[in-house]
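From just these sequences and the hints, can you work out the full model?
Protein chains: 2
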Amino acid sequence: MREVAILGIGQVPVGEHWNKRLVELAGDAVFKALEDAELKRVEALYVGNMMAGQLDKQSHLGALISDWVGFRGIEAMTVEAACASGALALRTAMVAVGSGLVSSALAVGVEKMTDTSPRETTAALATAASADWESIHGVTFVGLNALIMRRYMYEYGWKHEDFAQFSINAHANGAKNPNARFQSPITKEIYKKAAMIADPINLMDASPMGDGAAAAIVVPADLIKGQKGKPVIRIAGSAVATDSLAVHDRHDPLWLAAAEKSANEAYRQADITPNDIDFFEIHDAFSIMAALSLEACGFAERGQGPRLALDGEIGPEGKVPLATMGGLKARGHPVGATGMYQIVETVLQLRGEAGPAQIDDVSIGMAQNIGGSGATIITHILKAE
Amino acid sequence: MREVAILGIGQVPVGEHWNKRLVELAGDAVFKALEDAELKRVEALYVGNMMAGQLDKQSHLGALISDWVGFRGIEAMTVEAACASGALALRTAMVAVGSGLVSSALAVGVEKMTDTSPRETTAALATAASADWESIHGVTFVGLNALIMRRYMYEYGWKHEDFAQFSINAHANGAKNPNARFQSPITKEIYKKAAMIADPINLMDASPMGDGAAAAIVVPADLIKGQKGKPVIRIAGSAVATDSLAVHDRHDPLWLAAAEKSANEAYRQADITPNDIDFFEIHDAFSIMAALSLEACGFAERGQGPRLALDGEIGPEGKVPLATMGGLKARGHPVGATGMYQIVETVLQLRGEAGPAQIDDVSIGMAQNIGGSGATIITHILKAE
Numbered sequence: 083m084r085e086v087a088i089l090g091i092g093q094v095p096v097g098e099h100w101n102k103r104l105v106e107l108a109g110d111a112v113f114k115a116l117e118d119a120e121l122k123r124v125e126a127l128y129v130g131n132m133m134a135g136q137l138d139k140q141s142h143l144g145a146l147i148s149d150w151v152g153f154r155g156i157e158a159m160t161v162e163a164a165c166a167s168g169a170l171a172l173r174t175a176m177v178a179v180g181s182g183l184v185s186s187a188l189a190v191g192v193e194k195m196t197d198t199s200p201r202e203t204t205a206a207l208a209t210a211a212s213a214d215w216e217s218i219h220g221v222t223f224v225g226l227n228a229l230i231m232r233r234y235m236y237e238y239g240w241k242h243e244d245f246a247q248f249s250i251n252a253h254a255n256g257a258k259n260p261n262a263r264f265q266s267p268i269t270k271e272i273y274k275k276a277a278m279i280a281d282p283i284n285l286m287d288a289s290p291m292g293d294g295a296a297a298a299i300v301v302p303a304d305l306i307k308g309q310k311g312k313p314v315i316r317i318a319g320s321a322v323a324t325d326s327l328a329v330h331d332r333h334d335p336l337w338l339a340a341a342e343k344s345a346n347e348a349y350r351q352a353d354i355t356p357n358d359i360d361f362f363e364i365h366d367a368f369s370i371m372a373a374l375s376l377e378a379c380g381f382a383e384r385g386q387g388p389r390l391a392l393d394g395e396i397g398p399e400g401k402v403p404l405a406t407m408g409g410l411k412a413r414g415h416p417v418g419a420t421g422m423y424q425i426v427e428t429v430l431q432l433r434g435e436a437g438p439a440q441i442d443d444v445s446i447g448m449a450q451n452i453g454g455s456g457a458t459i460i461t462h463i464l465k466a467e
Numbered sequence: 083m084r085e086v087a088i089l090g091i092g093q094v095p096v097g098e099h100w101n102k103r104l105v106e107l108a109g110d111a112v113f114k115a116l117e118d119a120e121l122k123r124v125e126a127l128y129v130g131n132m133m134a135g136q137l138d139k140q141s142h143l144g145a146l147i148s149d150w151v152g153f154r155g156i157e158a159m160t161v162e163a164a165c166a167s168g169a170l171a172l173r174t175a176m177v178a179v180g181s182g183l184v185s186s187a188l189a190v191g192v193e194k195m196t197d198t199s200p201r202e203t204t205a206a207l208a209t210a211a212s213a214d215w216e217s218i219h220g221v222t223f224v225g226l227n228a229l230i231m232r233r234y235m236y237e238y239g240w241k242h243e244d245f246a247q248f249s250i251n252a253h254a255n256g257a258k259n260p261n262a263r264f265q266s267p268i269t270k271e272i273y274k275k276a277a278m279i280a281d282p283i284n285l286m287d288a289s290p291m292g293d294g295a296a297a298a299i300v301v302p303a304d305l306i307k308g309q310k311g312k313p314v315i316r317i318a319g320s321a322v323a324t325d326s327l328a329v330h331d332r333h334d335p336l337w338l339a340a341a342e343k344s345a346n347e348a349y350r351q352a353d354i355t356p357n358d359i360d361f362f363e364i365h366d367a368f369s370i371m372a373a374l375s376l377e378a379c380g381f382a383e384r385g386q387g388p389r390l391a392l393d394g395e396i397g398p399e400g401k402v403p404l405a406t407m408g409g410l411k412a413r414g415h416p417v418g419a420t421g422m423y424q425i426v427e428t429v430l431q432l433r434g435e436a437g438p439a440q441i442d443d444v445s446i447g448m449a450q451n452i453g454g455s456g457a458t459i460i461t462h463i464l465k466a467e
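Protein sequence lines, in the order shown, are assigned to chains Y and P.
Everything in the first sequence is counted per this note's numbering, starting at 83 for the first residue and increasing by one.
Everything in the second sequence is counted per this note's numbering, starting at 83 for the first residue and increasing by one.
In short, the hints are calculated from the structure, not lab data.
All the given hints hold, so there is nothing to weed out.
Over 12 Å on every C-beta distance to chain P, these chain Y residues come out as not near it, computed from the model:
| hint | residue |
| --- | --- |
| 1 | Gly225 |
| 2 | Pro313 |
| 3 | Pro398 |
| 4 | Lys401 |
In silico DSS-like cross-links for lysine-lysine, where the CA-CA straight-line distance does not exceed 30 Å:
| hint | chain 1 | residue 1 | chain 2 | residue 2 |
| --- | --- | --- | --- | --- |
| 5 | P | Lys139 | Y | Lys102 |
| 6 | P | Lys258 | P | Lys465 |
| 7 | P | Lys102 | Y | Lys139 |
| 8 | P | Lys139 | Y | Lys139 |
| 9 | Y | Lys102 | Y | Lys258 |
| 10 | P | Lys465 | P | Lys310 |
Every residue, glycine too, gets a C-beta built ideally from N, C-alpha and C.
This is the structure:
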């Protein structure tokens, strides 16, 4: 495959967009990406989305969005792996361009979650888990993560408040991101006193729903290398790995095997180690997921994820800056769009365009998108060259 | 991209599989494909499915099916473009193998439609149409096709019975296919007296729902060419094109622009003309769709699709044998699986393994999968070499 780079990015603020339809949100992100890339047209469009069939009564988003943005006729499709659908859109665009099939492709992640009742949205989200072994019992995603977190605390001796820093860091970073759903910092006091959702997960451990869309345009890296003033943000690593949907069926419910596998493959492709990563757009849907992801990706020893946070190493100045623009926790988690928000934010950092959220001296960023409770995990490594 | 071929195929009979879950149906097709290919493992798995999130309360099929068939860990995802999802699975597998990303990939289409009430299933199907312009008014897919058929009859002067041969041919062919949902021939009398569903579409114009799964294994063509006794069924052409979801928004509601575009691109890739096609697995979801597809793909003049059928040219001995194993009309239309059934049947014909349904002297077959009322159309051309 030829080398591939990201030429343009676009996003809409995560929020409750009751005045916009799903196709308009996606379109707004696409138009911004086209403007950013100074392109009028692409040859293919890949949509990351999980729940439009259920919540918007609209499948078939590929053709719909292509037509809406003025590209009627081009190749288009939706890709889905629950909450990891966003990163799949980038992955599919990368393979299409890398293979030589097309010379430009748009990846757009979009989800609309606030037009339906929280009960309906929660039920739709539960389709990411095993229908036969998990959701049939009525357990929600928060419930599943609560079981994992409780077991983790028991196994490794952590207290609930030891996870506080993941949330505090995300909100502090989100406060610097005009596209974040929540833009206020929180304190440890707020974390500790937050309402319990599913013990031990409280409101400050859980990422919020939201409507959103984010997009990126992928082209052959050679195309940009010749162009003056165009930053070359190369996709240096990209890997998908899977695991059982049902958590009970894993060899170790406290180990994200698919994160380990996809991260190691992405490191291999990029020819780097975790030490080379300048910042990590982590899938902090719940604080326990942040801890598990850090461990599986080689940033912390098994059971020691919270230690990094407690030691102050996950902030903008730390060893592994996490969720630099708010993460799922503060930017928000519009499920099928999240993976693309992570990519857009990684590109902003690598270009030095992250505004008040900018981290110094970054050239390699990693983004990891997790589907379900770890059954599909996609790792991307981007390099500014 | 390197050349790609189909090494193995598998399918389950289309029917009402109330004793099998969706993952079991998919697994059964996958196991048969693996046995047929004499392979123990593949590196990636792509699932074509439209409605599992809505009807089975189960998204995230890529990881689920990979795990079920014993491939926990491999790259996997779902691809969707409504009723064209099946062919997208093959297309995605082809690009993955063609690009060099993986050296073997499984494409499986699966749908379970009969565990829910017809009302629920019909509502889920309607998400393939435009939610904003079509389904919001309560129009079903049959309704949309009825509007198109009525207009077509008015424009070109055809009577309802002029379409009979599409249905008669499909059922005659389906009678020779042990995997078809309906295996009895019908007469013109039966066609004419069938119950009306949405005037002018009666029961014999419409394809039946069903549960089903079909799979194919894709590998580099070079891999097979060296192996004795292994037929080389090469994917010589593959193209996706799109159109507006809403029929009213097209320049001509009686012209499948996406069929024309994707067929022409597939012809170009395969370096052939429609005259070189030995048989055509057509997307005869409704008899009007068969007529429109024949015209857009260059087999008939505009408005003259039914003429080919009336002249006896669509039967196994005709100029363009259609739906050689029953088509959607008799084999059944388990939506997200249909595109893969078309591929499996094309391979069976090209291998000379179609049993009583076998057509003589075939070396080039075409399969076309249509999503919605023509908004996504995927054309594949397979060559026996």
